[in-house]
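> Given next are the chains, with one letter for each unit.
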Amino acid sequence: MKTFLFIVIVIASGAAAGLIHGGANLIFVEPSLDQAIGIENQHLFASGEEKDTPEFRAQYDDYRIWQKSGQVFAGVILGVSIGSLFGIVFALSRNSLPGKTDIKKALVLAGIMWLTIYFIPFLKYPANPPTVGNPETIVLREILYLTFIAISGFGAVGFYKLSQKLKTKKIIAIAGYAAFIGIVFVAMPGNPDQITTPMDLVEHFRMMSAFTVSLYWLSLGLILGSLWNHYKPHKEITPSFN
Amino acid sequence: MSQSRQISVSKNGVPVIAIVALAMIFATGLFVVGFDQGHIFSLVYGEEAFHDIYIHELTHDMRHAAGFPCH
Ligand SMILES: [Zn+2]
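Going down the list, the protein sequences come from chains D and L.
This note's numbering puts the first residue of the first sequence at 522, with every later residue one more than the last.
This note's numbering puts the first residue of the second sequence at 933, with every later residue one more than the last.
The hints are simulated quantities; they were obtained by calculation from the structure and are not laboratory data.
All C-beta atoms, glycine included, are put in the ideal place defined by N, C-alpha and C.
Check before you lean on any hint, since a few could be wrong.
Stated by the list, open to error - Cβ-Cβ distance ranges computed for the label pairs, FRET-style:
#	chain 1	residue 1	chain 2	residue 2	range
1	L	H1003	D	D721	16 to 26 Å
2	L	E989	D	A708	34 to 44 Å
3	D	F566	L	V948	54 to 64 Å
4	L	V941	D	I695	26 to 36 Å
Build out the structure end to end from the sequences listed, making use of the hints.
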């Protein structure tokens, strides 16, 4: 395998998909974030912690512009990060993934990883807009979310390996994983925070958030698959005379 | 014609060095966007960074949008 080319392709596809994710968030998710932070500000005014003055408004607007610019920047960082994991798994599993082209293989893997380490964890611990989270439970919520993702991801790999070893059909591995994650889903404690924010705002935010993350995974599979198809980093380096 | 390659590869032919490098990028990026509360700047600027939490502010909107726990 061409090591350098492999790493470059993985990082480039992660960055491109991350850029798409961050850009889509500006359009689809930021309106919900603005609404949620607006509610937060109302609480601050009501409690007397801040006054609704032009100075506050100006400062707040600057601050939000700074945070929104970060949306795209953070999109690229997160995109490269998740893309790196995707690249590792793709390189290791490419030979056993279904599909004739690398684009199809990459899309299949993106779908599996989207489901196991994003969507099922999302159903258990759905995304929340600002104002919902209780600062006192943040560490607990982080541990629960990461643990669930790790259990789901390693669980999927584990059942796949087991079915390979026992030479059973793939459907058995899928059924095994489904039963396993179902038990974990029920057994793990839920998000401890009470939601006092209007539910339609929260639901809308969740739908938009799930949409753009899904768009990220789709883009990642398509871009990595296309680059892989074109540059074929898995081909051996032709022996050179030296 | 001998092919002298000393790069260690996994059984799938993927260089271990590439896996390690990408795994480090994965862990660092995930921490910065998903979990950092000023830890990275605190290495350079000390305790004060925890009050300013620059990275947190900059990655904050994505943290919510991508579904990580936050405020
Ligand atoms: Zn937050």
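> Indicate, hint by hint, whether the structure satisfies it.
Hint check results:
1. L/H1003 - D/D721: 16 to 26 Å: Given range 16 to 26 Å: holds, Cβ gap about 20 Å.
2. L/E989 - D/A708: 34 to 44 Å: holds (36 Å)
3. D/F566 - L/V948: 54 to 64 Å: holds (57 Å)
4. L/V941 - D/I695: 26 to 36 Å: Since L/V941 and D/I695 have Cβ atoms about 30 Å apart, the given range 26 to 36 Å holds.
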